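Student: Chains as they are written, first to last, in our numbering: chain B, 1 to 156; chain P, 1 to 156; chain U, 1 to 156; chain X, 1 to 156; chain R, 1 to 156; chain D, 1 to 156.
I should point out that these hints are in silico values taken from the structure, not numbers from a laboratory.
On a predicted model such as this, the values are computed, not experimentally measured, just so you know.
Please note that the accuracy of each hint is not assured.
[What the hints assert, rightly or not] Partner residues aside, some chain B positions facing chain U, computed with beta carbon under 10 Å: (1) TYR3; (2) VAL35; (3) GLN36; (4) ALA38; (5) THR41; (6) THR49; (7) PRO100; (8) ILE103; (9) GLY104.
All C-beta atoms, glycine included, are put in the ideal place defined by N, C-alpha and C.
Protein chains: 6
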Amino acid sequence: MQYTENGPLGYYFEEIEIDKPLVTRGRTVTESDIVQFAALTGDYNPMHTNAEYMKSHPMGQRVAHGMLTLSYAVGQLYQLGFMERTVLAFRGLEMKFSLPVLIGDTIHVRLTVKEKKEMKRLGGGIVSAEIKILNQDGKTVQSGTMELLMASKPTT
Amino acid sequence: MQYTENGPLGYYFEEIEIDKPLVTRGRTVTESDIVQFAALTGDYNPMHTNAEYMKSHPMGQRVAHGMLTLSYAVGQLYQLGFMERTVLAFRGLEMKFSLPVLIGDTIHVRLTVKEKKEMKRLGGGIVSAEIKILNQDGKTVQSGTMELLMASKPTT
Amino acid sequence: MQYTENGPLGYYFEEIEIDKPLVTRGRTVTESDIVQFAALTGDYNPMHTNAEYMKSHPMGQRVAHGMLTLSYAVGQLYQLGFMERTVLAFRGLEMKFSLPVLIGDTIHVRLTVKEKKEMKRLGGGIVSAEIKILNQDGKTVQSGTMELLMASKPTT
Amino acid sequence: MQYTENGPLGYYFEEIEIDKPLVTRGRTVTESDIVQFAALTGDYNPMHTNAEYMKSHPMGQRVAHGMLTLSYAVGQLYQLGFMERTVLAFRGLEMKFSLPVLIGDTIHVRLTVKEKKEMKRLGGGIVSAEIKILNQDGKTVQSGTMELLMASKPTT
Amino acid sequence: MQYTENGPLGYYFEEIEIDKPLVTRGRTVTESDIVQFAALTGDYNPMHTNAEYMKSHPMGQRVAHGMLTLSYAVGQLYQLGFMERTVLAFRGLEMKFSLPVLIGDTIHVRLTVKEKKEMKRLGGGIVSAEIKILNQDGKTVQSGTMELLMASKPTT
Amino acid sequence: MQYTENGPLGYYFEEIEIDKPLVTRGRTVTESDIVQFAALTGDYNPMHTNAEYMKSHPMGQRVAHGMLTLSYAVGQLYQLGFMERTVLAFRGLEMKFSLPVLIGDTIHVRLTVKEKKEMKRLGGGIVSAEIKILNQDGKTVQSGTMELLMASKPTT
């Protein structure tokens with residue numbers, strides 16, 4: 001991220017480096033996060049919202065929504081600043097969910113760009129990145145890939 | 001969804017039908033949704049939060065987060081009731097984002113189960129479903145597949 | 001409301017006057033309120049959340065939840081300060097819903113105590129109040145009665 | 001609830017059965033719910049928002065707002081799907097509040113239709129239902145009746 | 001605060017008394033408050049949002065945002081009712097932050113007007129008040145001064 | 001901001017440069033922001049929450065809370081990344097509020113460090129920065145100074 005007169009600025013397609021991992025800040029997933037995410041999305045699955053029900057469930061307690069973890073991961077990545085005003089679009093994602101995130105777990109994300117494909121017609125290029133969402137024990141809770149369309153560096 | 005003495009109950013792995021589409025209720029994505037989703041996830045990309053910036057952007061106005069649309073779609077699917085207490089886990093997803101969702105757009109979801117694979121060891125089976133998220137004009141804004149682990153019908 | 005060294009203090013059972021109306025501050029019900037109330041309660045009825053659907057509905061547009069209006073009314077009454085630390089319990093209510101509250105409407109509440117019944121055993125008495133929730137045109141949107149258990153004035 | 005091409009559909013006035021109880025999913029009322037409900041409604045009564053104050057109060061701890069419990073109950077009922085697009089209006093309610101809901105309690109609702117009254121002029125009929133809101137111990141925290149205006153089955 | 005036919009009414013510039021402290025209601029700062037304040041403002045500093053990180057930090061646990069405490073204090077002051085419709089503008093503030101507010105702390109505010117300066121041109125006068133935000137142990141967590149522009153009493 | 005293996009890292013006391021302005025991303029203040037800020041803080045002043053009342057008020061429409069603007073500004077500054085894990089404490093602030101922020105205004109912040117004072121005993125030093133919060137027309141809505149305690153660079 002660079003500091004400019006018009007605010008922070010991320011990296012352009014040409015500046016993005018392959019195979020260089022970026023690591024986000026961590027964030028604790030609280031009961032309040034799950035309550036708010038259930039509310040906003042309407043996903044009131046008892047696995048997320050019914051503590052009583054979960055007492056006799058194999059998991060033993062409420063778990064975070066898979067989409068909560070994934071949405072928070074994208075937010076954490078955004079706050080790294082490398083996409084600031086240089087990402088043109090989120091093109092797609094492919095994720096596997098491996099471990100539950102429990103109330104009190106702290107997650108962070110590791111993104112590694114694996115491929116770049118120029119798309120002149122779209123004003124930039126597609127960046128494919130490997131994503132790992134990790135908990136406080138360093139265990140992978142979700143992993144997969146994301147595709148972002150990044151802008152090309154303006155020619156002056 | 002069935003009405004039981006212990007609350008609503010969805011369908012078990014064995015009861016899930018292939019190639020029979022399920023359609024959710026629609027939901028209007030408001031400015032307030034985008035403000036709250038940016039907040040909760042921390043994804044404050046100016047494409048979602050800066051109306052001034054978007055005036056000179058090709059899109060011309062703020063757009064919803066791709067993850068907002070996807071998370072709302074999962075919530076809409078949950079409220080159909082077919083997974084109630086019968087879904088054991090969300091295993092993964094693979095989505096392509098095609099069109100932006102603008103403030104005031106109304107989205108709904110169409111899910112069609114395409115494959116079922118029994119997994120006795122896990123107490124049920126994997127259901128692969130095709131997902132289409134559509135706007136008020138019937139245009140697809142996101143599409144892809146989700147994998148759910150559904151419980152087997154208890155034997156009595 | 002009185003200002004004391006321990007913060008604001010409302011009126012005790014003995015101090016509550018019959019037939020003297022109390023009028024609250026007004027509050028505009030916004031789209032954001034409806035979005036948040038639908039979320040928190042899980043009442044995603046399309047009448048509250050689907051602008052597209054409401055275009056062909058007799059009401060012509062989204063309306064606020066009846067429970068939103070009623071819950072906001074109770075909040076507005078609380079902020080009048082007359083129950084501050086002197087209300088022991090909310091005992092019940094009986095309400096009729098007459099008119100819809102639309103996005104942009106501004107509601108306020110008029111409470112008039114109609115009856116007081118001492119309940120020594122409970123440390124105070126039951127106060128029955130007539131409630132009218134009015135919109136910006138002075139029209140009644142909901143009306144009914146509430147019963148509050150108010151504490152007796154401490155004897156020193 | 002039925003699955004149609006236009007999304008889920010509830011029951012029409014004519015299809016509603018008398019004396020057949022419907023039971024909702026359970027939901028745990030968390031500290032976050034109380035914080036958010038106090039915020040949204042403005043009901044900042046110390047019984048809901050001041051843990052210190054409640055230490056020396058007969059209840060011993062913060063309790064949920066009566067209106068929170070009631071609003072959540074309506075949301076839980078809505079998610080059962082039987083009113084989906086077939087409820088025309090919420091006409092009124094009459095509730096008694098019997099027991100406090102504490103942080104961590106899990107509530108569910110039992111609704112039993114007791115009376116149906118056709119109202120041709122209104123395009124359907126009034127359904128009067130007995131409502132019981134129960135906690136995890138099966139104890140009634142609130143009970144009363146609700147009146148809903150349900151649409152008549154369209155004639156084709 | 002006075003009860004009028006148009007709702008509650010605070011004190012006018014001429015009615016404000018110097019050196020007479022006003023004490024607010026207390027409010028417990030919960031984990032949910034910190035989660036929501038981080039979200040709304042975008043201040044995701046790990047001191048507020050990462051429980052894991054704070055284990056090895058001198059403070060030992062997450063702390064509330066200084067701005068959360070200050071914003072809540074202003075809200076608590078507003079609810080005292082003395083500014084109701086009589087405050088014309090918030091002119092400025094000068095605060096020192098002395099002690100952290102931890103999850104579960106209960107804060108209240110003590111405001112003492114120290115100076116009044118008539119400003120006929122602005123329709124009222126500037127009131128300078130000393131502010132102390134205190135926790136449940138009576139310790140000052142923040143202190144300073146605020147300047148409010150209060151309306152003059154209307155002449156009839 | 002630097003990218004490290006443990007996540008983003010801001011600047012240490014020694015690295016902070018005097019008189020070099022930092023400019024944040026912009027953010028549009030929406031009606032939803034005001035609704036949520038009123039809720040969370042309890043500051044339900046009709047200037048922020050009653051559209052009807054504001055029609056006959058000199059301002060002509062609802063305005064954002066001064067504390068909303070200030071809290072958002074701190075959040076915007078935090079997201080610049082220069083304080084990431086290097087700020088030890090927020091020590092105080094002194095602000096003047098000059099212009100109202102209206103619904104739809106887009107604010108950003110300009111911070112310029114004006115003074116640094118080493119405080120070995122506290123493990124770093126005090127940084128005094130001039131703050132200007134600007135709207136989309138480049139007009140200053142609030143200005144003043146903030147004092148931050150920044151950590152010293154660890155010696156290895």
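Student: Is the hint on TYR3 (chain B) kept, meaning its closest Cβ partner in chain U is under 10 Å away?
Tutor: Cβ of TYR3 (chain B) sits 33 Å from chain U, so the hint is violated.
Student: Identify whether the interface hint at GLY104 (chain B) stands, where standing means a beta carbon of chain U within less than 10 Å of its own.
Tutor: Since the shortest Cβ distance to chain U is 23 Å, the answer is violated.
Student: Please verify that hint: VAL35 (chain B), Cβ, nearest Cβ of chain U, below 10 Å or not.
Tutor: With a minimum Cβ separation of about 9 Å from chain U (threshold 10 Å), the hint on VAL35 (chain B) holds.
Student: Please check whether ALA38 (chain B) passes as an interface residue: C-beta within 10 Å of a C-beta belonging to chain U.
Tutor: Hint on ALA38 (chain B): holds, closest Cβ of chain U at ~8 Å, below 10 Å.
Student: Should the interface hint for ILE103 (chain B) be scored as holding, given a Cβ-Cβ cut-off of 10 Å against chain U?
Tutor: 19 Å, violated
Student: PRO100 (chain B) was flagged as interface toward chain U. Is the shortest Cβ-Cβ separation under 10 Å?
Tutor: With a minimum Cβ separation of about 22 Å from chain U (threshold 10 Å), the hint on PRO100 (chain B) is violated.
Student: Any CB of chain U closer than 10 Å to the CB of THR41 (chain B)?
Tutor: 8 Å, holds
Student: Holds or violated: the hint that GLN36 (chain B) contacts chain U, with Cβ atoms closer than 10 Å.
Tutor: 8 Å, holds
Student: Can we keep the THR49 (chain B) interface hint, with Cβ of chain U closer than 10 Å?
Tutor: For THR49 (chain B), the interface hint holds, since the closest Cβ of chain U sits about 9 Å away, which is under 10 Å.
Hint violations for this structure: numbers 1, 7, 8 and 9, all remaining hints satisfied.
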